[in-house]
Amino acid sequence: MATTAIPPQEDSAPSAPTTIFRRPSSTEGFWGWVTTTDHKKIGIMYGYTAFVFFIIGGIEALLIRVQLAVPDNSFLSAAEYNAAFTMHATIMVFLFVMPMAAAFFNYLLPLMIGARDVAFPRMNAVSYWIFLFGAIFVSSSFLFGTSGAPVGGNLPGGAEWASRLGSAPNGGWFGYAPNSLDQFSTGTAMDYWSIGLQVVGIASLISAVNFISTILNLRAKGMKLLRMPVFVWMTFVVAFLLLFSLPIIAVALFMVTFDRNFGTLFFDATGGGDPVLWQHLFWLFGHPEVYILILPSMGLVSEVLPTFSRKPLFGYAAVVFAGAAIAFLGFGVWAHHMFASGITPVAQAAFGLATMTIAVPTGIKIFNWLGTMWGGKIRFTTPMLFAIGFVSLFVIGGLSGVTHSVVPSDWQQTDTYYIVGHFHYVLFGGAVFGLFAGLYYYFPMLTGKMFSERLGKLHFWLMFIGMNLTFGPMHWLGLQGMPRRTWVWVEEQGLGFWNAVVTAGAFTIALSVLIFMINWMVSRRRGDDAGFDPWDARTLEWMLPLPVPVYNWAKIPEVRRLDEFWHRKYTEDEDGRAVRREDYDAVVAQLEEEGRNPTEEIELPDPSYFPFLVGLGIMILAYGVVYLDRGFGLPLVVIGLLTMVGSFVGWSVEPLEEHHGDHDGHGHDDGGGDVVETEVVETS
Amino acid sequence: MSAHAIGESTGVENRKLGMWFFLSSEFLFFGALITNYMLFKGRDLPAGVPTPFGIYDIPFTSFSSFVLLMSSLTMVLAHHALHEGDQRGTRTWLLTTAGLGLTFLAGQFFEFSEFYLKGAGLSVAPVWSSFFVLTGFHGAHVFIGVLMLLILFSTSVRNGELSEAHGLNVELVGLYWHFVDIIWIVIFTVVYLIP
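Residue numbers (the numbering used here), protein chains in the order written: chain A, 126 to 809; chain B, 3 to 197.
I should point out that these hints are in silico values taken from the structure, not numbers from a laboratory.
No experiment lies behind these values; they were computed from the predicted model shown.
Keep in mind that the hints are not guaranteed to be accurate.
[What the hints assert, rightly or not] Which bits of chain B does chain A cover? Going by a derived footprint, with three or more residues having C-beta under 8 Å, they are: (1) 36-46; (2) 50-64.
[Unchecked claim] Pairs of lysine to aspartate or glutamate, EDC-like flavour, derived with a Cα cap of 20 Å: (3) B:K43 with A:D399; (4) A:K680 with B:E173; (5) A:K349 with B:E10.
The beta carbon of each residue, even a glycine, is placed where N, CA and C say it ideally should be.
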């Protein structure tokens with residue numbers, strides 16, 4: 126028997142099966158994290174990794190703002206500035222917002238639908254490790270990259286350090302051809318960029334397949350599609366966006382990699398290629414990507430607002446369908462990023478109109494959130510403040526977005542700071558505020574502790590003020606003609622006051638993030654005990670004891686209504702007001718008691734080394750491709766491929782029948798192998 | 003068993019569901035590659051570079067397409083044999099499918115070298131870049147399919163049989179294999195046949 130009977134109070138420590146392919150047995154310590162297949166641990170790793178990149182991307186933003194604070198500044202050279210804005214955007218989009226959203230997907234999805242894990246736990250681990258190694262690969266361009274830009278700069282710390290910054294990818298996060306091709310971007314920096322994003326994209330594709338399968342297949346009894354929390358719906362929609370947009374950027378990135386390294390002529394105008402094709406392919410991915418970034422935050426906010434308004438989400442079905450409509454329309458508007466690229470007037474009119482229609486489902490969502498708060502008993506906790514901040518700032522960003530759908534107006538704004546102001550209102554005021562709302566809201570679930578409300582509110586107000594100081598004046602700067610992606614401005618332009626304000630705002634944001642970090646680190650150890658259901662919440666995941674046990678659900682819950690947990694606690698009086706049920710205390714006490722003491726056998730997926738090795742192999746392969754023209758490139762490719770293929774083979778020849786027994790339905794038997802079960806059995 | 007309560011709300015096995023969604027993504031991957039070819043195929047070529055329709059060998063490619071199509075049939079036979087409990091038949095048909103796949107790849111290798119000798123290549127014109135990248139990625143997909151078939155075959159030989167759980171793997175590899183075939187039908191029609 127490959128399973129182990131252990132009491133639920135201990136972490137599961139499965140015995141290894143008798144095979145040459147021993148599975149790791151530790152679930153604690155360093156190797157416990159490396160080999161874990163637990164969706165909660167993977168989610169936590171995603172979250173911390175993403176936050177590290179948030180700091181790196183933030184430091185780059187500060188470098189940019191220091192450079193632009195005063196006219197004719199020589200703090201950064203042009204090359205360093207180019208690398209700073211390129212890597213700021215690349216890191217924030219691909220290595221912070223997307224993985225931070227993935228952290229929430231991973232952690233919450235099974236809890237919200239009443240499952241014990243995702244459909245493919247090892248595939249889940251694979252996507253994390255591929256993401257991590259891909260992220261390390263992209264960032265290592267700071268150390269090993271060469272951009273062909275002039276060496277040297279004016280940063281403190283000497284020319285070597287400064288030129289390292291300038292050696293990162295510098296062609297913009299959009300990587301427009303022909304600038305990204307080898308005749309204009311010599312050196313390896315843009316290879317790191319194109320191959321690194323390819324690797325990170327593979328990770329997202331795997332998790333998209335995983336989440337779709339999980340949502341469709343692992344719902345608890347009674348959890349119909351239209352009873353799922355809105356966050357689950359948004360996860361579902363985002364997964365489809367990823368599924369259908371990632372293959373397009375994959376093709377585009379392959380094409381640019383081939384153009385740079387293998388002599389193809391896709392984007393090379395001198396050889397008959399078509400640079401605008403790159404723009405089409407990039408934005409055909411890039412616009413859905415915008416919704417990939419914002420929809421998770423919309424989902425989180427849709428959880429936070431009802432809880433702290435003590436009202437159900439206004440127009441649940443409308444919010445869900447509006448999310449799906451945004452995603453659907455999002456595939457038909459990509460060329461509004463290209464109004465200045467010379468596409469035909471008919472195309473401009475069509476894409477302008479299509480862009481305006483997106484305002485409709487977005488407006489539906491905004492009004493539903495307002496309707497949720499309207500007449501509610503609002504508690505202004507930190508997550509609620511961030512959620513309200515999200516709604517208000519997103520409206521501003523949405524409105525300035527509508528101005529881009531008017532083509533002549535867009536021509537004026539293209540490549541000015543107005544655009545930068547606009548998309549930071551939706552991505553920082555929107556996506557990042559939503560993520561912070563989620564981080565605070567789910568902090569008690571992660572840690573079992575409460576954070577400091579005082580520090581949390583300080584964080585919110587500093588960030589809210591700093592954000593408006595930073596990105597608000599960018600609109601006027603842009604309308605006055607300050608161009609994007611230009612490393613200096615001159616005094617005669619008369620942009621001095623607002624640029625100083627913007628830089629001050631950026632440092633205010635940095636300070637607020639510091640407060641958040643202090644709050645997080647201190648509260649997770651010394652915060653007050655969160656107890657059970659600290660927010661008086663509505664959805665399934667809060668029926669669990671905190672912090673959540675390794676097996677999630679001692680007994681899989683049965684769902685009867687939307688907002689199941691709320692209806693177990695509350696009923697309505699004659700006037701339709703929510704009143705506690707008479708057995709409220711008993712219901713809550715029973716949930717907590719039962720949640721901690723499973724009475725049935727629980728199967729959990731075993732840890733595995735292979736996901737980590739697959740990710741490692743892909744990183745080695747990526748280095749090999751970059752350096753194919755050097756002697757050590759080919760050996761690296763071979764080693765990387767062997768590591769990958771070997772890991773997959775090891776994965777698939779792991780024992781199957783002898784441990785499979787009668788548990789064939791749990792669904793964590795992905796990729797040809799099987800998972801040896803751990804049974805957690807009540808012993809008391 | 004309680005764990006079953008949370009498995010497969012849709013009634014479709016997880017892995018099969020996952021494979022379907024993965025393949026839906028793959029359609030867009032090849033869709034983008036085919037679009038690239040369509041975009042470039044009408045454009046002027048530099049002197050001395052052959053047009054695709056100038057050097058396509060339609061009878062030859064028709065034959066290798068036929069070989070690949072037949073491999074879908076043998077894949078179905080392999081799955082059917084397993085369903086009937088005929089382990090020997092399963093092994094035979096799995097190996098036949100892999101063999102037909104390899105035959106197709108050999109044909110592609112021959113075709114590529116012919117084209118290369120006639121002046122086509124990755125770096126001569128965008129239309130040829132897109133042709134080789136498109137058909138090359140398709141060939142890579144066929145190759146991965148062959149590898150999976152051979153792993154199934156060797157598992158069957160080692161264990162003496164493919165169990166019910168492995169049966170699902172046969173089905174999954176089958177799904178993938180049919181997908182690769184369908185994509186080839188599209189490529190053959192759009193790239194080779196429609197001028």
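Verification of the supplied hints:
Residues of the segment 36-46 of chain B with a Cβ under 8 Å from some Cβ of chain A number 5, which satisfies the need for three, so the listed coverage holds. Check result for the segment 50-64 of chain B against chain A: violated, 0 residues qualifying (beta carbon to beta carbon below 8 Å, three or more required). Only pairs whose Cα atoms come within 20 Å are accepted, and K43 (chain B) paired with D399 (chain A) is accepted, the gap being roughly 12 Å. Distance check on the hinted pair: K680 (chain A) and E173 (chain B) sit about 33 Å apart at the alpha-carbon level, beyond 20 Å; violated.
Among the hinted pairs, K349 (chain A) with E10 (chain B) is consistent with the structure: their alpha-carbon atoms are about 13 Å apart, no more than 20 Å.
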